[in-house]
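Protein chains in written order, with this note's numbering: chain D, 6 to 175; chain A, 1198 to 1749; chain S, 5 to 124.
Hints listed in this document are in silico derivations from the structure and should not be mistaken for laboratory results.
Hints are supplied without guarantee of correctness; some may be wrong.
[Stated by the list, open to error] Quick list of in silico lysine-lysine cross-link-like pairs, DSS-like style, CA-CA up to 27 angstroms:
#, chain 1, residue 1, chain 2, residue 2
1, A, Lys1362, D, Lys89
2, A, Lys1234, S, Lys94
3, A, Lys1294, S, Lys22
4, A, Lys1445, A, Lys1362
5, S, Lys94, A, Lys1277
6, A, Lys1509, A, Lys1470
7, A, Lys1445, A, Lys1206
8, A, Lys1445, A, Lys1364
9, D, Lys89, A, Lys1277
Each chain, letter by letter, is given below.
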Amino acid sequence: MPTLIRLIDGRYEAADDVFTDVADEDVTPPEGAVILSLARLQAEGDGLLSAGRQVGVRIQSDEEVEALAYDLPRLALVALVFPKYRDGRAYTSARLLRQRLGFTGEVRAVGDVLREQAGFMARCGFDGFAPADGASPAEWAHAAGRFRHVYQRAADARAPVFEERASDGL
Amino acid sequence: MYRYDAIDKEFLADRANEFREQVGRRLSGALTEDQFKPLRLMNGLYLQLHAYMLRVAIPYGSLDSRQMRRLAHIARTWDKGYGHFTTRQNIQFNWIKLGQSPDILDQLAEVDLHAIQTSGNCIRNTTADPFAGATAEEIDDPRVWSELIRQWSTLHPEFSFLPRKFKIAVTAAAKDRTAARVHDIGLVLRRNRDGELGFEVIVGGGQGRTPYVGPTIREHLPAGRLLSYLEAVLRVYNRHGRRDNIYKARIKILVAALGRDEFARQVEEEWSKLESALADAPDTELARIRGAFAPLNFETLPATSAAFDAAKAGDPAFARFARNNVKPHKKSGYAIVEISLKAHHATPGDASADQMDVVADLAGRFSLDDIRVTHEQNLVLPHVKLDDLPTVFAALQAAGLATPNIGLISDIIACPGLDYCALANARAIPIAQSIAQRFEDADRAELIGELKIKISGCINACGHHHVGNIGILGVDKKGEEFYQLSLGGSGQEDASLAKILGPGMTAEQVPDAIEALVDTYLAIREGEERFLDTVRRVGFAPFKEAVYADAH
Amino acid sequence: MKAITANRLIDGEVVFWKSGQWIERFAEAEHFADDDAAGPAAVETARGQSTVVVDPYLIDIVEAAGGWAPVSYRERLRALGPTNEPTHGKQAEGGAGVEALLAATGAARSTGRVDLIRRK
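Please take these sequences and the hints and turn them into a complete structure.
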């Protein structure tokens, strides 16, 4: 099982993954938290949720998170898939989940997830990371915290440079 | 000029440190080449045919003399004593060693320069009018907006892994010196009937394999809403741009596939969901940036200069330089000086370290410490007093920088081509040189007038051949270099794409073909008609006949 | 015949394979017969040297007047340097090997370098 890193209260920590990632060809396990594809969520989600199970959804980079709007308040987790390092669609998905759809559960980066993306991911609202490069929480935190300043507002709480400048001037 | 503050400087230092660490991980084997390549590209470092090439950003083509001197120092210390200014207003060094590249980034950061986002599928350096702040034609200073875009786009968390690279141009003058209509986004500042400042937003222009002149998707975007609108455009593109085929991944393909109206509708819909207070720059920041570009302390001078007039009357070479390379300035008694990097035997866009030092020195003494790079691969001293022009000319002449050919037939854009570039199919530089040498007679060049030749060594069109009055594309035809001529392109406000004239030819045949085109033009032009105007008026037939009668 | 080339990781220098070593002069490169399995095998070995070279590959070479030269014009440029600056790159050294490359003419086919844009 790959390391799971969670961003909690500004700290990157190793975490146990309580979710079972259910591939489309596999049956849903009888108990425990699960991550399903969007299609499977639509088919099985209601039943699992009414049984009190924790349910997450796995969104491919060509699927739109707006499709989740109705289900989101009941979901524990949205896993956004990076099929390739260079496929940047999940960054938009994460921002929309946080800033437009108001999702407060875990947004997890899965797939081709490397530490070079850590800073971008955190800024877009990801708080769960399954690094494919075996990065440790310390290495991940080092990469994510590389830049002392950010130039624009995003889905995180970091103050962009123009706010830093404005407060310096006070 | 905009001066980097402690925050900007710390950011560049962090970036340089990050890259040093990444290079270390690559050299130790912790990163594979496949993993490292996108990281080095994000710092402008390519592996070309003979060495690594480092592309340094010159944000909106604006430099001070301290920065130019540092570029000269880098050329001398880590390269072979020269640099190549590009069609994106950047500079490239052709002989860089990977192991030394972190030291170079440190050297750049010391003078507020960097290589951030000079490659990769991200928002690249913004193109701006090289005459910004100097020309009377502009209704606002495009550098203000370009700097705003620089900051907003720097390591943008959502838009650093786009389907493909993304280039924005900003101009505020009727005469377009940025090729705005062949950028991914072209922003043309205008005032509406109520006098409010806004942008005409052009999206989906571009060159490469599938060239387009971009359509206007919004006639007047209130200027203060720029960043939120860019966010909307980029978000639509990031989500829906093609990622399955690298040749179809630019935004122009998406705009063409959806159609202008549907693309615009999607952008407006996304834009309507963005909260201005969160997505647009606060007025205070805009005012701070604007303050940095406040009008310089120009002296109050008469509109004419006895020294300038006397030099023109006494020195025909200076008079020629003044006719072709000196442009009107918004302030009385000043001029804009274009420095041609197109000496007839030189490589288009190249400047030696010594030449860079000369330009830096002249900028410091005579141009309010301001230097610009044009997308036509020349340099500009934007604020020179008329009184100082003879002195500046003499210094440029001594440095081999006074070629009086701006906008003329030998002012050729050429990409590095197969002499350097790993992507090229054919050479471009020697073709430019052979044409420039053929038209070395300055009287004849002036007689011909404005004629823009642009040469690319492959279909990616870095040499802008699609918008050349005469475009030349190098191709690999059965293993030999062949050149395809096209006519009628323009990258300016009257943008149009050149169309292929006829069958390709060998390198040796190109100067004769250009000569045939020029002779035909001279024979049939009417009045003050430029070459481009004549082609548009009469069509290809007489040109085709002349070239292919001569060439075969 | 074929030779093996790559760019050296640390400085990007064009290098050629010679009996397990990487050398800078094309004239000293090891030659492999077209059907010699040792060529592809050496490329495989070279691919394993990822902290030494980038992207090793085989090139076609032919015997021209005065010596061997790559078939492809692109590879001749790599073995020489840029044509616009004769004092830059390997050609600056001069000598018989460089002369042979400069004299080489004829088919300049681009071998094994398709889809170049993907390789950036």
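Here is what the structure says about each hint:
1. Using a Cα cut-off of 27 angstroms, the hinted pair lysine 1362/A and lysine 89/D holds, with the two alpha carbons roughly 17 angstroms apart.
2. Only pairs whose Cα atoms come within 27 angstroms are accepted, and lysine 1234/A paired with lysine 94/S is accepted, the gap being roughly 25 angstroms.
3. Our distance criterion of 27 angstroms between C-alpha atoms is met by lysine 1294/A and lysine 22/S, whose separation comes to about 23 angstroms.
4. Distance restraint check for lysine 1445/A and lysine 1362/A: the Cα-Cα separation of roughly 12 angstroms lies within the 27 angstroms cut-off, and the hinted pair is therefore satisfied.
5. The hinted pair formed by lysine 94/S and lysine 1277/A meets the criterion: a straight-line CA distance of about 13 angstroms does not exceed 27 angstroms.
6. Annotation: proposed proximity of lysine 1509/A to lysine 1470/A is violated, straight-line Cα distance about 60 angstroms (limit 27 angstroms).
7. For the given pair, lysine 1445/A sits about 37 angstroms from lysine 1206/A by alpha-carbon distance, which is inconsistent with the 27 angstroms threshold.
8. With a CA separation close to 16 angstroms, the supplied pair lysine 1445/A and lysine 1364/A stays within the 27 angstroms bound.
9. The hinted pair formed by lysine 89/D and lysine 1277/A fails the criterion: a straight-line CA distance of about 38 angstroms is larger than 27 angstroms.
Checked against the numbered hints above, the structure breaks hints 6, 7 and 9 and satisfies the rest.
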